[in-house]
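Spelled out from the first residue to the last, the chains are:
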Amino acid sequence: MNQRIGRLERPALMGVLVREIINFSSFWRSSTFSATVEPTVYLLAFGFGFGALVSEVGGFDYIDYIGTGTVATAVLFSSAFPSMFGTFVKYKFQRTYDAILAAPVDTEELVTAEALWIGIRAGTYGCAPMLVAMVFGLDPSWGMLVVPFLGFIAGFGWAGFGMAVAARMNSIDNFSYVISAVLTPLFLVAGTFFPIDGLPDWAQVAAQANPLYHLVELVRHAVFGFEPGADVIHLAFLVAFGLLTWRLAITWMQKRLVD
Amino acid sequence: MSALTLRGVVKRFGALTAVDHLDLDVPEGTCVGLLGPNGAGKSTTMRMLTAQAIPDEGSIEILGFKLPKESKAARAQCGVVPQLDNLDITLTVEQNLLVFAYLYRIDRAHRKAAIERALEIANLSDRRDTKVDKLSGGMRRRLLIARGLVHQPRLVLLDEPTVGLDPQVRQELWALIDRLRSEGTSILMSTHYIEEAERLCDTVTIMSHGKAVASGPPRQLVTEHAGAEAIEVYGPPAKLAEVERSSREAGLKTRRTGTSVSVLGVNGDGPDGERRPTNLEDVFVLLTGEEIA
Numbered sequence: 001m002n003q004r005i006g007r008l009e010r011p012a013l014m015g016v017l018v019r020e021i022i023n024f025s026s027f028w029r030s031s032t033f034s035a036t037v038e039p040t041v042y043l044l045a046f047g048f049g050f051g052a053l054v055s056e057v058g059g060f061d062y063i064d065y066i067g068t069g070t071v072a073t074a075v076l077f078s079s080a081f082p083s084m085f086g087t088f089v090k091y092k093f094q095r096t097y098d099a100i101l102a103a104p105v106d107t108e109e110l111v112t113a114e115a116l117w118i119g120i121r122a123g124t125y126g127c128a129p130m131l132v133a134m135v136f137g138l139d140p141s142w143g144m145l146v147v148p149f150l151g152f153i154a155g156f157g158w159a160g161f162g163m164a165v166a167a168r169m170n171s172i173d174n175f176s177y178v179i180s181a182v183l184t185p186l187f188l189v190a191g192t193f194f195p196i197d198g199l200p201d202w203a204q205v206a207a208q209a210n211p212l213y214h215l216v217e218l219v220r221h222a223v224f225g226f227e228p229g230a231d232v233i234h235l236a237f238l239v240a241f242g243l244l245t246w247r248l249a250i251t252w253m254q255k256r257l258v259d
Numbered sequence: 001m002s003a004l005t006l007r008g009v010v011k012r013f014g015a016l017t018a019v020d021h022l023d024l025d026v027p028e029g030t031c032v033g034l035l036g037p038n039g040a041g042k043s044t045t046m047r048m049l050t051a052q053a054i055p056d057e058g059s060i061e062i063l064g065f066k067l068p069k070e071s072k073a074a075r076a077q078c079g080v081v082p083q084l085d086n087l088d089i090t091l092t093v094e095q096n097l098l099v100f101a102y103l104y105r106i107d108r109a110h111r112k113a114a115i116e117r118a119l120e121i122a123n124l125s126d127r128r129d130t131k132v133d134k135l136s137g138g139m140r141r142r143l144l145i146a147r148g149l150v151h152q153p154r155l156v157l158l159d160e161p162t163v164g165l166d167p168q169v170r171q172e173l174w175a176l177i178d179r180l181r182s183e184g185t186s187i188l189m190s191t192h193y194i195e196e197a198e199r200l201c202d203t204v205t206i207m208s209h210g211k212a213v214a215s216g217p218p219r220q221l222v223t224e225h226a227g228a229e230a231i232e233v234y235g236p237p238a239k240l241a242e243v244e245r246s247s248r249e250a251g252l253k254t255r256r257t258g259t260s261v262s263v264l265g266v267n268g269d270g271p272d273g274e275r276r277p278t279n280l281e282d283v284f285v286l287l288t289g290e291e292i293a
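The listed protein sequences derive, respectively, from chains A and B. Here the first sequence is numbered in our numbering, starting from 1 and rising by one per residue. Here the second sequence is numbered in our numbering, starting from 1 and rising by one per residue.
Honestly, the hints are just simulated from the structure, not real lab data. Here the structure is a predicted model, which is why all the values come from computation and not from measurement. Take these hints with a grain of salt, some might be off.
Stated by the list, open to error - Think about it this way: if two alpha-carbon atoms lie no more than 27 angstroms apart in a straight line, the pair counts; the simulated BS3-like pairs of lysine-lysine are:
{"id": "1", "chain 1": "B", "residue 1": "72", "chain 2": "A", "residue 2": "92"}
{"id": "2", "chain 1": "B", "residue 1": "66", "chain 2": "A", "residue 2": "255"}
{"id": "3", "chain 1": "A", "residue 1": "255", "chain 2": "A", "residue 2": "92"}
{"id": "4", "chain 1": "B", "residue 1": "239", "chain 2": "B", "residue 2": "253"}
{"id": "5", "chain 1": "B", "residue 1": "239", "chain 2": "A", "residue 2": "255"}
Just chain B, same shape as in the assembly:
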């Protein structure tokens, strides 16, 4: 069964089509990544899942509830972790969780246990009485995630959960998300960090200009679109242009990797350069384009 199903979802803002006939599935108990550059429509998609944006076309079903009509029932069983921190900063850690225990309708008998559980998940038990504005960035993000888990949701929606955080903090959050998934929670996560998607997601949907341009398990997407190996060629711009031209003539895909050109999907022969395994980033750039919109 699917925890979440989108079919042909379209969302327009005036002349701009932010989400363009998007299909998406989150099978129950899996973690699905929504990968795409800024402006690809990830956040709009996330907002439609909580009925904070209403699609112009298509259908959305979450945990058996049809949106937007039954959105409230769906929301009761979803945990949402927004991209932008919207904690109540003058309240303590515990008070923030208490407010959400009420908003998510946890009855009185279970409220205390739910808050303790969330404090434990966020590893903030000894900070329970600290005001949010006294927490570090990493602690705030952990609290933000724990807040969305206070009612033990069946589906968790994470919108760019680690954006703007130190690598150490990011690792810590990945462990947290991985633990959630291993406990059987379904997860939809939008991100533009490729490594994050590669590590955490069972399947990945790559979005570009509001469309899903590829979908599948990360490893499979890589082999399918970028082959097994890539050769990175370094050199002056003229040489790079030449490598690009000759590789394309030979039917190979290339992409710029900063100071070098990567020739993708090489089997055996290729230009001289450093061989390396292909990765999801290659696929991402191939499919979403090299220019920044």
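Same shape as in the complex, but just chain A:
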């Protein structure tokens, strides 16, 4: 594996990143709009809707609880979705990847650079709900500075997940299966809107395998105080998730892009 990673050349990664950055400059307004407005809607709806019924959840003010929980939602929405759809569109419809692979860039570098870029974006947009929650009364803390990095790691993993899925799909309609059967349950059973300890045992166990759950826990701990023992495990899980989906995306994209 070491030798393979050595093959990641900086100029190749840069080339792919520059393409993404220049493209992003043409649509950052809409992305930023949705990244900020979405969590605001969640906070308002759940915060004032549910918040009227429950003032405290798991020892937190409900607004603080979902303000930190939806960081993971924002990370998921700005990584897994753009990755799945973007990858599919870029190899199937726009044939962008054909153009990039004709340049001195290998699939491994292409996938890595795309995942890095999506990770960076997810890390940045992941902070939006937290910032919105601060407007609604979430107290600032030093640990919040770690949140973009947590978002980056998880975003990198979801980017790999999205690319791996896109590499196996023959039609864009098939994404519905993944969204309904995988992403929606993961998104709901992550401790974002309600604690998972109220769920049946099997669901609690299943949640342990949910990267979003680990991200939610890490973000809450970063904001309200770390729990070193547990957090090392949460972090290790996210890193492992990222490495796994990254390698899987490379293998499957290679199969898809190179005959």
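Here the structure of chain A is known, so what remains is to put chain B in place on it, guided by the hints.
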């Protein structure tokens, strides 16, 4: 020296053999045409040259690099112009070139000059800030070609460079390609436009069912396979069939040319009809067959 050498290259997709023991050479500084009907294996061959398809057998060497192992080094010195437009349509002309200046690793000091040069080649200097989706089809194709030339490649791979374009635009692109060749760039061009190959290529390889069925300078291929002159005979189907039969009995090759039959390689006597010089199209149809697969 050869800019590109293929020896015994085979590429299979399941039961289908898309490229079947293909040999091909592009001597440095020349333009070689890969001519063949749709499905002859031209595009697969092109994809193998950028390691986007890996051959099952045979060897490929480009600019001294062995593929697929050293493909990245080869790709750095090749310019690729794909058949299907894959420009970033929401970006401007200049931004598209800038992205490729990075992808082809042009260092910062030379980046601006390289982009200006490419804009000049594409004759798009005054359109630099126009978004690609606002360009005409011809401009897009020029940009697509210029994008592949931004790093001044030693070998250019053109996959059907003028497919689907107006005759005027096609002329314009031919001038561009001819200029490239006169500057010493090696070119491999796949096409199914015969006139294009005839005008631009020093040598032509005709492909059919994944095999090279003939190879040589266009004029030489014509005389070799179709002789100097052809007679085109018009008439009702029965007459055409009769001409075909009698010519073949006389040892002459014929081919259908729409509403007429062309009798090829006539020296002196032949059936009554319009005499015309033979051309590459005659060779093409003779060698690749009249039926469309």
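Results for each hint:
1. B:72 - A:92: holds (23 angstroms)
2. B:66 - A:255: Holds, because 22 angstroms separates the two Cα atoms, which is no more than 27 angstroms.
3. A:255 - A:92: Status holds; Cα separation ~14 angstroms.
4. B:239 - B:253: Holds, at about 16 angstroms.
5. B:239 - A:255: Distance ~55 angstroms between residue 239 of chain B and residue 255 of chain A Cα, so the pair is violated.
The structure is inconsistent with hint 5 alone, although it conforms to all the rest.
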